[in-house]
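*Asks:* Each chain, letter by letter, is given below.
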Amino acid sequence: MTATLIESEDRREYRATRRRGLLVDLSMTLATVLAALVIGFLVILATGKDPVRAYEALLTGPLERSFRVGRWLEDATTLTLLGLSVAIPFRARQISLGAESQLYAGALAAACVAIFLPLPPVAAVLVPLAAAALAGAGMGFVPGSMKARLGANEIVATLMLNAIVVRVYDYLVNGPLKEPGSSAVHSERVQPDSVLTPLTEWLGIPFGRANVGFPLMLLTAVALWLLLTRTPLGYRIRMTGSNPHFAEYGGIRVPRAIEWSFVIGGAVAGLAGAHLVQGVYGRLEPGLSGSLAFEGIVVALLARNNPLVVVVAGLFYSYLRAGGDIMEQQTDVGTEIVVVIQAVIVLLVTAQALPDLLKRRLARGQAAASRGPSGTSRGPSGTSQGKPGAAHGEAGAR
Amino acid sequence: MNESWDTAGPAVAARGVTKTYANGVRAVRGVDLDVPAGEIRAVVGENGAGKSTLMKLFYGLEQPTSGEILVGGRPRVLRGPASAIALGVGMVHQNLMLVPSFTVAQNVVLGVEPGRRGLVDARAAAEATARLAEEAGLAVDPLARIDEVSVGMRQRAEILKALHRRARVLILDEPTAVLTPQETEDLFAAVRRLRDGGMTVLFISHKLREVREISDRVSVMRAGALVGTVDTAGTSEHALAAMMVGREMTLDVARAPAWRGATTLRVRGLAHAASAGQSLHGLDFDVAAGEIVGVAGVEGNGQSELAEILAGLRRPGAGTVHVGDTDTTGLDVAGHRRAGVGYVPEDRLYNGAALDESIADNLVVDRHDRPPLARHGLLGPSAVRAHAERLIEDYAIRTPDPSVPVRALSGGNMQKVIVARELSVGPDLLIACQITRGVDIGAMRFMYERLVAARDAGAAVLLISADLTELLALSDRLLVLKDGGLVGRFDDTTGLTEKQVGLYMLGVERHDHARLTAGLDGTTGTHPTEPPPHHEEGPGDPGDPGKASPA
Amino acid sequence: GGADSDSGPASSGKPRIKLVINGGLGDKSFFDSAYEGLKRAESKLGYELKVVELGSDRTKWEPGFEDAAAADDYDILAAGTFDVTDYIGELAPQYPDKKFWVFDSAVDYSGKNGCSNKCENVYSVTFKQNEGGYLAGFLAEKLVAEKALKGAESLNKVGVMGGVKIPVIEDFVVGFKAGFKAAGGRNSDVLVQYVGGDKPFGDPAKGKEISTAMYGQGAALVWPVAGLSGLGTFESAASAGRYTFGVDSDQYQTLTDSAQKNTVITSILKNVGNALYKAAEDDKKDAVKYGAVESVGLAEDAVGYVDDDHFQEVVPKQIRTELQDAADQVKSGSVKVPSAF
Amino acid sequence: MSSVLDVVLSSAFLAAVLRVATPYLLAAIGGLVAERAGISNIALEGQMLSAACTGALVAGHSGSVAAGALGGVAVATLLGLLLAALRLELGADAIIAGIGLNLLASGGTAYAVYTLLDDKGGTSGLRSGTLPTVPLPGIDDIPVVGDVLSGQNVITWLAFLATPFVAWLFHRTRFGFHLRAVGEMPDAAASVGIAVRRVQYAGLALSGALAGLAGVFLSMGYVSFFVRDMTAGRGFIALAAVFLGGLRPWGVFLAALGFGAAEALAVQLGTLDVPPQLVSTIPYAMTLAALALYAWRRKRRGAKEVAPVSL
Ligand SMILES: Nc1ncnc2c1ncn2[C@@H]1O[C@H](COP(=O)(O)OP(=O)(O)OP(=O)(O)O)[C@@H](O)[C@H]1O
Ligand SMILES: Nc1ncnc2c1ncn2[C@@H]1O[C@H](COP(=O)(O)OP(=O)(O)OP(=O)(O)O)[C@@H](O)[C@H]1O
Ligand SMILES: [Mg+2]
Ligand SMILES: [Mg+2]
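Protein chains in written order, with my numbering: chain A, 1 to 398; chain B, 1 to 551; chain C, 1 to 341; chain D, 1 to 311.
No lab work stands behind these hints, which were simulated from the structure alone.
Hints are not guaranteed to be accurate.
In silico BS3-like cross-links for lysine-lysine, where the CA-CA straight-line distance does not exceed 30 Å [unchecked claim]:
1. K284(C) x K331(C)
2. K482(B) x K499(B)
3. K14(C) x K39(C)
4. K181(C) x K261(C)
5. K336(C) x K44(C)
6. K147(C) x K118(C)
7. K178(A) x K317(C)
8. K49(A) x K44(C)
9. K207(B) x K499(B)
10. K289(C) x K44(C)
11. K317(C) x K261(C)
12. K39(C) x K178(A)
13. K39(C) x K98(C)
14. K261(C) x K118(C)
15. K177(C) x K150(C)
16. K98(C) x K336(C)
17. K14(C) x K49(A)
18. K178(A) x K44(C)
19. K118(C) x K14(C)
20. K14(C) x K147(C)
21. K150(C) x K118(C)
22. K177(C) x K178(A)
23. K178(A) x K284(C)
24. K289(C) x K49(A)
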């Protein structure tokens, strides 16, 4: 009888702790972002610039004009797709750094189809997208199967593939695919039918290069979330990442799950490439993605590889990128400092110990409270406001 | 190093010690415990009673939330293991704390390496290890890599680690859970020697028989609190069990005679070449529906390899395996599972569970792509949750919620998750390895009941265990493995004693080929028509020629 | 970033130039030269200058230009390289009251790519870097043929180290080869190699390695056309005891190490800064030809070589006259230098 | 074909291999130390960059090359400690923290150079000099060997000594012993009273210092000035070498040397009439092939090891 009593108490407490944990996670993430911004503020102050104006640009700049909102959404689309593309292999605990090669492969495929293959209207959009996904998937398959079948280290394989593909891409854009007769280095434009419809056209507000890729990206994220949480394949990928021995024991073909994680990730990165070609540039350009591939990794890890959270992290990070650029343009804070502030924010936001520390304190305050004489009946809810002072004292004593 | 001992006081003691973990779990509640020097003190209690936590407090791995720890007769503040080690406390952890790629000797000296000016003298380390091993009677190979030696040797290496640090108090947290009976014997002999040399030993085990055998006194914990301490001589296993769980409790499971059905598992000429571990050669045996066939053998004689082959985790080199009508010889794990094989692996942490995933997810690994969980290629989270809730209920898994990660469960509950998964599919063949390793008496009894229930529901059960008592209590028939081959076969286990089986395990006696393959179709020296001989022989005369089929 | 806000026309009433750089300053050649020219315009001609650096991340360029053009803090927006022509082509029609200068490339005045207003408010200036390359090749062949390079008399090869193989760089190379041949050299004696990689114009270590390899293959002289990577060439030349030409700006002046300085025979100038300064001058007189592209080269003094004391000391008189003659032929149009465009 | 062979066997090429491999060797060995201590050092690139910048700036302003080198190594060491602190004290993900530090280094060095020298490109206007080369009297007269070995920069020598040093450290010293234990089984190390964090801090400091030497070599050995982002991805190649080398000192040594050799070869072949972008893929394609081949052979050997036993 005591057992059941304790059990139900446990259950209540567990739920309460979980709820509290979520709340703490959320509020602490916001707090760390704030802390990072404060440090950035001090950095600007230290360099003798006007931090208030700089922050105005950083924080409100991206929303000031619809064009900038478009720039933010367009950037977030690519960045989030890249984050998603690594989040999937990360879930299988495969450190794939290959988003860059997959993106370039996707971009090449999309461009080749969209430039050279005459297609009827709707197909003209979809076929290049499919080609890009396929090419990205293929580019993911190489390191994926090298890892799964041969045990070759995926970090090395993906880094090498990046180096190779980027150079081959460079060669193609400068050579065979270069627009004939142009002094500029880029390919021809994609056919008008292949262009991802700009949001401007839909909404009638000038949204720059933002296009239907954005809602498509949202759909992709949801699809990937469903894949991970609601499909057998997603289950296999998760279990493989959590404990491959267990997965194998349970009848999961681990090499195949690993390969799939790379292939799916590759396909998504390929779509990011197609988005750049069909939506953003309308053609192949050298150095297509800038540093986005790496920042995609940051976004995925910040979001703990949860596809839906990747969207939030991607929007956040892109906002920061956009705000940083505006800050550099509108104020006298130089690019270097903008980069430094971004680095500080990245470093601080990833600091997990802060939320955990708070959670631990709450738990301890909780334990102390329930130990009190009135004890049993009141349970956890009464104590959640806690006694920060007491908790602090205890922590200090350790 | 431990000159500051007050020899008059207790070697270790706790005064009003309470420990609350960061997540709010209060593992130890107001414990007062005194252990005088030179005593072997057993600490028993159910899984999660707080035994390990209390020991960690003595070893400085955790700090008490309130109360006081005494070592060497004086109150101490142990900031970490280093300060406990300095005071002469050594601990062998429940989960061994060894560096896999290091040699035995390197592990033994880790932290207090011999050698001058920041260098490690490898030779001196090996010599010191060998000398200590000699003195304590703990046989180890100092130069072997830890990940290549048996669990028993790892256990001994752990003890040597403590001895190397000149421990005066030795904490052994379930050291026998993974040892063979012989290894346990050797360990006990060594522990007694150490005690006679003045060492204080704290010994934790779920095997009350061992507790009775080795300890001077027993302290019983329940739900974090100390229930009492009794003289070993004046108590019984029954009394201890009752103290632990608060009511009467035995391990005797009522078991009707087996009702053997058709042959479910048919193994013929099975051979396997293992790159590491024991190879198997020429195994022939059957397991019928509705019987429990035990596999006895000194650990490392091919049991694990056999289990893994039967589960599809390894490929046999030669021979055939049939489960029901399916030839599973070339199939992968999924194929085996489809053929109706359930498997409780011996190491639940290694491949039995994904520790960071939820209980619910852990319960569906073999059925996540089939109805009712998955339909039209979609895995329904509510179906998975409902499935978990049902099993949590049925198997009395103690957890607040199916979404709790398995890591947060106690050992016994973790094991229940695995058994629940493997039994709930209703397997035709269940391979159960070391199912009660490290679980408390309540859970043990529970597992036994479940196994018998599965048998009675028509499953063929192959029970592999290092615990002979358990094998004899549960098996309808018994096979003995030695050096990767079958050396004994007992078709009736009534009246069979551990001693008799032990002779086969050690290779002193063996059954002849004809006896081993009697009644098996498709093997030499068999009359397919003749029913397998039952009940006709006394277990004491295994070589009875009348029972062997004529060649 | 610049110091000015988005406020309306400058209170000072000075014409305001905004230099938008799709890259960064500090490249010691192209953008630095443009900046220098406009800086001069600021101090001498009474302009107000603001610089915006967009960095090398291409995803930030178009939004950067859009923002730069939308802000009402300039009268003239200057930007360079072929990468910007599309952006300017789009933006110029949207801001018809503003003026745009494009250097080193031209917008498409035909109106096929943007330029819906035929880019009437855009002035483009391109450079005949192939003419500079021609002179470099000509001089290089003369120097080796006449064995005028001390310590390298036995060598008859020369090298060109490009950043990456893109048309602008190729234009230098094509010109160089033509000049080398015109002076009597063989094509096979010209080694051409590119830095490439992650930072083609900013990896001096690799630049040094490539130059060292070229000297090792018997090049008497290596001409780096690779931005900061080229700084590695001067180091390599100094330790190998061989020779170099500078590029874009007078690198004999900018180098600090005397051993390295002395490897520089002359520098082939592609004076973006001068061209922009001249445009600024002309704009004061309303003499800039908007809606058209101007191609400047040797004849306009936008391309040339440094003829200083050091040059005269190292290069024999006869070769100097021959070089001058070659330059005159190009200027007069009697020699047509092939181009990569 | 024979011309390629001539190139490969020439002393100039071999000397170039040593030179090109130097930063890879040092950074990769640094990455190895961190990896074995249980914290991936993705910040190698940033550590190299900061060291390169600091080295050139300090040397240029103090006039002492040694002070520059020390300053550079010190800053990289601090960055190593910072990475450890972010991981250990703030629970940051090592990979994100590493990427963050790389960003920080890129922005920070550019800012420092701009503020101090008013030059956005680098320190080429500052005379900072290079670390001395080591002439080998006696040996430099020997035909090929002399040309290859003599006159290499002192850091190149350090780079080649770093591997035996770290191998010795790992296997012979108490610190290395603890470091490996901490990286492999932190709980086991903690349970015998090893101060796990302290060891990890020390490991990351050493890792940073080695990466710092690599950076210093770039700006004070290879060339004599710092240029913005001059590491040009070398830190990531070094990281690849860490894993390609199977996390063992001599394996990493071979991998890094291989990268050096392949890059030097690509430089030598660069004048051929092949698109330069394609030539520059040679080192990476070779690595990828080597990786696949090595993994395949290991797998096959594993299978073979099993087979004979059954006979
Ligand atoms: N490492 C852990 N972290 C968080 N919570 C834990 C951890 N271990 C156990 N718990 C929780 O503490 C509670 C008590 O577990 P405990 O081991 O006491 O159960 P038990 O009934 O003794 O189990 P057993 O079946 O082994 O006897 C459980 O609800 C469990 O989920
Ligand atoms: N690190 C931890 N954090 C939170 N809770 C813990 C932790 N370690 C143990 N617990 C919980 O504390 C309680 C006591 O655990 P402990 O390990 O002391 O039990 P035990 O008596 O050793 O059990 P077993 O027989 O299974 O080893 C359990 O509820 C357990 O789940
Ligand atoms: Mg328990
Ligand atoms: Mg325990």
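*Asks:* If a hint holds in the structure, say so; if it does not, say that too.
*Replies:* Hints, verified against the model:
no., hint, result
1, K284(C) x K331(C), "28 Å, holds"
2, K482(B) x K499(B), "16 Å, holds"
3, K14(C) x K39(C), "14 Å, holds"
4, K181(C) x K261(C), "28 Å, holds"
5, K336(C) x K44(C), "36 Å, violated"
6, K147(C) x K118(C), "53 Å, violated"
7, K178(A) x K317(C), "44 Å, violated"
8, K49(A) x K44(C), "28 Å, holds"
9, K207(B) x K499(B), "19 Å, holds"
10, K289(C) x K44(C), "22 Å, holds"
11, K317(C) x K261(C), "21 Å, holds"
12, K39(C) x K178(A), "36 Å, violated"
13, K39(C) x K98(C), "20 Å, holds"
14, K261(C) x K118(C), "47 Å, violated"
15, K177(C) x K150(C), "23 Å, holds"
16, K98(C) x K336(C), "36 Å, violated"
17, K14(C) x K49(A), "25 Å, holds"
18, K178(A) x K44(C), "42 Å, violated"
19, K118(C) x K14(C), "28 Å, holds"
20, K14(C) x K147(C), "55 Å, violated"
21, K150(C) x K118(C), "55 Å, violated"
22, K177(C) x K178(A), "23 Å, holds"
23, K178(A) x K284(C), "39 Å, violated"
24, K289(C) x K49(A), "39 Å, violated"
Hint check: violations occur at hints 5, 6, 7, 12, 14, 16, 18, 20, 21, 23 and 24; the rest are consistent with the structure.
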